[in-house]
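Chemist: Sequence:
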Amino acid sequence: MPLQIETIPCRTDNYAFLIHCEESGETALVDAPEAAPILAALERNDWKLSHVFITHHHADHVEGLDGLKAEYPDLRVVGAADDAHRLPPLDMAVKDGDKFSFADETVEVVDVSGHTVGHIAFHLPDEKAAFTADSLMALGCGRVFEGTPEMMWDSLSRLAALPKETIIHSGHEYTMTNARFALTIEPENEALKARAKSVEAAREQGLPTVPSLLSEELDTNPFLRAHLNEVKRAISMEGAGDAEVFAEIRRRKDQF
1 MPLQIETIPC RTDNYAFLIH CEESGETALV DAPEAAPILA ALERNDWKLS HVFITHHHAD
61 HVEGLDGLKA EYPDLRVVGA ADDAHRLPPL DMAVKDGDKF SFADETVEVV DVSGHTVGHI
121 AFHLPDEKAA FTADSLMALG CGRVFEGTPE MMWDSLSRLA ALPKETIIHS GHEYTMTNAR
181 FALTIEPENE ALKARAKSVE AAREQGLPTV PSLLSEELDT NPFLRAHLNE VKRAISMEGA
241 GDAEVFAEIR RRKDQF
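Residue 1 is where the sequence shown starts when you use full-length UniProt numbering, and the numbers rise one by one after that.
Any given hint could be a false lead.
[Claimed, not checked] What follows is a set of in silico ranges between Cβ atoms, one per label pair, in the way DEER data are often shown:
id, residue 1, residue 2, range
1, 104, 200, 36 to 44 Å
2, 146, 101, 28 to 36 Å
3, 237, 70, 46 to 54 Å
4, 254, 23, 41 to 49 Å
[Stated by the list, open to error] Listed next, the in silico DSS-like pairs over lysine-lysine satisfying Cα-Cα at most 25 Å (straight line):
id, residue 1, residue 2
5, 69, 128
6, 197, 164
7, 69, 48
8, 128, 95
9, 164, 128
10, 253, 193
11, 99, 48
12, 164, 193
13, 95, 69
14, 99, 128
15, 232, 164
16, 99, 164
17, 48, 128
18, 193, 232
19, 232, 253
No lab work stands behind these hints, which were simulated from the structure alone.
Yeah, the Cβ is synthetic: ideal placement off N, Cα and C, and Gly gets one too.
From just these sequences and the hints, can you work out the full model?
Modeler: So, in structure tokens, the structure goes:
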């Protein structure tokens with residue numbers, strides 16, 4: 001039986017995700033920005049929270065955990081061993097390449113350092129789902145706060161290599177701004193222009209633009225396209241290395 005995945009808007013622009021198995025009754029949460037909307041979703045669905053998967057240490061991804069533990073004291077918290085010193089206490093510390101089971105489904109751990117060092121993503125191959133938080137985002141990627149552009153490019157390249165039908169569940173509603181920026185890099189990209197219109201229409205209706213298909217990101221997200229000759233030409237960096245081009249696109253976005 002396929003798992004049910006629900007997107008939970010939190011705080012100003014954060015997203016958390018509930019993953020529920022009807023057969024076992026287990027429910028996992030990816031990141032805990034804010035307790036109240038997550039508890040409300042659990043109550044509405046009559047689900048009981050059993051696990052929390054933490055992607056990285058930033059407050060807007062963990063500060064709802066205490067409120068959730070007050071309601072579900074037996075929660076099992078999963079997070080990166082390399083980041084354990086600044087995460088809430090972990091019941092399971094995982095590293096890049098680790099695999100563990102949730103509701104009889106395999107969960108693969110992918111190191112996606114760059115935004116922070118120790119940031120991880122969770123890939124559920126049987127569900128064609130990846131939870132990437134502030135690494136790969138809809139039409140964007142996170143700022144490089146702790147790592148290097150080379151590190152972030154390597155992380156994004158690893159995510160880009162997942163099956164194209166993978167659904168990317170990212171951590172923030174930044175897509176409209178990301179679309180406007182992406183058009184400054186590839187103004188003639190027809191797929192991007194169509195997606196920007198779709199994103200604008202969704203936001204006008206108050207609808208989320210997360211999650212998104214990896215295939216769509218590969219066609220439209222400039223941060224995944226830094227290796228392409230047409231992108232290098234568009235920003236006058238023909239012949240430059242892929243990570244160098246990524247760094248320039250990230251620099252432009254930081255100033256956008």
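Chemist: Take the hints in turn and mark each one as holding or not.
Modeler: For each hint, the structure was consulted:
1. Taken as a hint, the range 36 to 44 Å holds for the pair residue 104 and residue 200, whose Cβ atoms sit roughly 40 Å apart.
2. With their beta carbons about 30 Å apart, residue 146 and residue 101 fall inside the hinted range of 28 to 36 Å.
3. Remark: the range hint 46 to 54 Å for residue 237 to residue 70 is upheld by a beta-carbon distance near 51 Å.
4. For residue 254 paired with residue 23, a C-beta distance near 45 Å keeps the hint of 41 to 49 Å intact.
5. Annotation: proposed proximity of residue 69 to residue 128 is violated, straight-line Cα distance about 29 Å (limit 25 Å).
6. For a cut-off of 25 Å, the pair hint linking residue 197 to residue 164 stands: about 22 Å separates their Cα positions.
7. Of the supplied pair hints, the one linking residue 69 and residue 48 holds, its CA atoms being roughly 12 Å apart against a limit of 25 Å.
8. Restraint check for residue 128 and residue 95: the C-alpha separation of about 21 Å stays at or below 25 Å, so the hint holds.
9. For the hint linking residue 164 to residue 128, the alpha-carbon distance of about 9 Å falls within 25 Å, and the restraint holds.
10. Annotation: proposed proximity of residue 253 to residue 193 holds, straight-line Cα distance about 18 Å (limit 25 Å).
11. A threshold of 25 Å between alpha carbons decides the hint, and for residue 99 with residue 48 the separation of about 24 Å falls inside it, so the pair holds.
12. Restraint check: the Cα-Cα separation between residue 164 and residue 193 comes to about 20 Å, which is no more than 25 Å; the hinted pair holds.
13. Proximity of residue 95 to residue 69 is assessed by CA-CA distance (about 24 Å); at most 25 Å being required, the pair is judged to hold.
14. For a cut-off of 25 Å, the pair hint linking residue 99 to residue 128 stands: about 15 Å separates their Cα positions.
15. Taken as a hint, the residue 232 and residue 164 pair is honoured in the structure, with Cα atoms around 23 Å apart against an allowance of 25 Å.
16. Between residue 99 and residue 164, the direct Cα distance comes to roughly 21 Å. Compliance with the 25 Å bound is thereby established for this hinted pair.
17. About 24 Å separates the Cα atoms of residue 48 and residue 128, which keeps this hinted pair within 25 Å; it holds.
18. Of the supplied pair hints, the one linking residue 193 and residue 232 holds, its CA atoms being roughly 19 Å apart against a limit of 25 Å.
19. For the hint linking residue 232 to residue 253, the alpha-carbon distance of about 16 Å falls within 25 Å, and the restraint holds.
The structure fails hint 5 only (numbered hints given earlier).
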